[in-house]
Amino acid sequence: MSLRTSISPPAVAQPPIQDAPSRHHMWQRISPYIYIGPAVVYLIIFMIVPVVQGIQLSFTKTPLVKPDGGTGVGLENYSRLLSSPQFYNSLGATILYTAATVIFAVAIGAGSALLLNQAFKGRTIVRAIITFPWAVPTVATALIFSWIFNRSDGVLNEVVGVLGVGQQGWLVDPKFGMAAVVLTSVWKVMPLVMLVVLASLQSIPSELYEATRMDGAGALETFKAVTWPHIAPTVRVVTLLMTIWSIRRFEIIYLLTGGGPVDTTNTLVVNVYRQAFSNQELGRAAAIGALGLVLSLLVTVVYFMMERRNAAKEA
Amino acid sequence: MIDRRTFLGAAAASMVLAGCGATPGNDPNRAASAGGTLKFGSWQWLEPGRGEAMWKAIQAYQKVNPSAVLAQSTTPFLSFADKLNTELGGKGGPDVFVVQDVNFYPLADAGILAPLSSVISSHKGTPFNHTNKSGLVNGVQYGITWERLNWNFFWNRKIMDKAGVTPPTNVTELISAASQIRSATGLDGFGVRHQMTEFDSWFMDFDVWTYGHGGSWSDGSRPTIDSAENIAGVKAFGEIYRSGAMPIGDDASTMRTKFREGRLGMMIDVSSTVAGILRSSKALTSADIGFAERIPLPKPSAHQEIVLAVNGYGKNKNLAVDFVGWVGSDEGQAALRAAMGPSTLATDVPLAPDYAAANPWAKAFIDLASESRSPLIRGYEAQTKAIMREVMTQVERYLVDGGDAAKALATAQTQVTQLLG
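Line by line, the protein sequences are chains A and B. The first sequence begins at 514 in our numbering and counts up by one. The second sequence begins at -11 in our numbering and counts up by one.
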């Protein structure tokens, strides 16, 4: 008997029972899904399903008081919107409001952050004061500014009165309505920009500043060579967020002007509210919402294209 | 033998079936005598003084039906209709509620209110008055009058005397009196709603001017926004708006505060405003309130009607209907009359003699109900707010930009025609 025959190899060897490693392997495979599962479920329930339902709703004529009693109307809501001057007025108001709010909020917020990043006495108190508007509830902000802008008794008219300017209808005159709403919005959101940019500024290693100082660089050169490259990604992200939030902002505009005077601040979101609750036309409101969503997506796409271009440049 | 999975499945199914079953406590059609809790939705519970008085008045229902419990469902006025519509759209909401007729009509038209035919057919005592027609939609009674608030013209006698002006009887005199108050006292002469931030109330307020000139927003079959009468009403409002004697930019709440504090000469507002002002004013007593028999315009004015209705999806509909029947009864009306003050109610229950004597202006407001008109647009009742949104936007444009009232209303006519398809 040869050794070969006497010691027969296990022909179909049963894998050894390795319970613990197998479970570990399985856990490694499924654990990512368990971790992201709740977030995915949340996104599906609270974001994707409502968006899909909203888009579905936009192809129907559905009264507010009977949301399950809608009838399909195809593209009628969209065609009526796109042929209506009010919609373009609303779109224009949205773009104007968003552009003005974002430009001023980012410029003033980033500028304030640069100033407050300098060492000076009382800096902490100044930072706290500038952050204060962000902490004020939006409804309270709108009410306070409505008193400030009040034509007959408002503080602003008292101030301009001292300068010899007559009473102005800041919230009732179409010339000033948008400016008043933008001013209020900037006051409210600017501190967030400041805080985010300030956090970014504080993460810049001080060695870099020392190096530029040793190289004899001036303030402007230092800003261009060190500060801006560090804070630029943050500024871009905060600009994107500010843009999307401004497109969607409702309370300040609605409480201050209700979309007036003469529809000058009737942004898409205010228009959605009017269609849904005042006119009780959920289908048409959903169509405006869907077009607003397209606007937000466009902004996001532009942002990511810019990011990709910057990444390519850096590479 | 039953395994664990089968056992758990059966248990779960039993629980679901038990939950679906109509137990007596959950049957929405159980008899009113079975009692239960009625959630009563209103913004008025928040009105200082008046809300508490109303709530106390309706507690008398529990003497008639001791097993019934009334519970408040309170939402501020500005968001009341939105919240109610959303709740009813989701087949929820309070069991019984009050709602303005412009918001009531679409609810009734959509068939989501419980019919109140039995309330009308079984009603005894003082008959329901004509105001209850507001609760009749598509031939079915879905609501009864909670209160009708009529707009009227009133003034602060002290300010008028100080300025040396007599009560105006037409628009020209109104403008002149308002300007005289401004120049003689430095106070605001005349206040009335005038801006889109208050659209939900302003569009009803504004009917005072167009109705007052004999206008209507439709003839029942087509919109008549740009009629000569409406143009006259808009022009009249434009004249007073631009007179310089109005506190432009003030909302109704601010103007009422000014009147209460003796800082505003004349107003056009509803009856409950005068009652509210007097309840909280340190500067004014009832004797200081001057009032007209009607608004100084050629034709009858407008009213704001608040309707009492029952939620068709309510959990205790029969009890709610029974409660509404009690509100319409002589007992209910008498209880409410004291709390409501100068409003027109579902029946012609008179003011308490002592109240009428102390508040001589109250009867004038109530009497206006005989010829006042609803803000609902005939033939387009359910679309009233949507139509008025277009109209008031053009009115606002005319007010702030100037220009031609006829052109503004012609634009509104075109837009409304497009809106209605």
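Where hints are given, some of them may not hold.
Quick look at which bits of chain B chain A covers, simulated, 3 or more residues with Cβ under 8 Å [said to hold, decoys possible]: (1) 180 to 186; (2) 203 to 216; (3) 264 to 277; (4) 301 to 308; (5) 379 to 392.
Source of the hints: derived by calculation from the structure; they are not laboratory data. Here the structure is a predicted model, which means the values were calculated and not measured. For each residue, glycine too, the CB sits at the ideal point set by N, CA and C.
We went through each hint and held it up to the structure:
no.	hint	in the structure
1	180 to 186	holds (count 4)
2	203 to 216	violated (count 0)
3	264 to 277	violated (count 0)
4	301 to 308	violated (count 0)
5	379 to 392	holds (count 5)
Checked against the numbered hints given earlier, the structure breaks hints 2, 3, 4 and satisfies all the rest.
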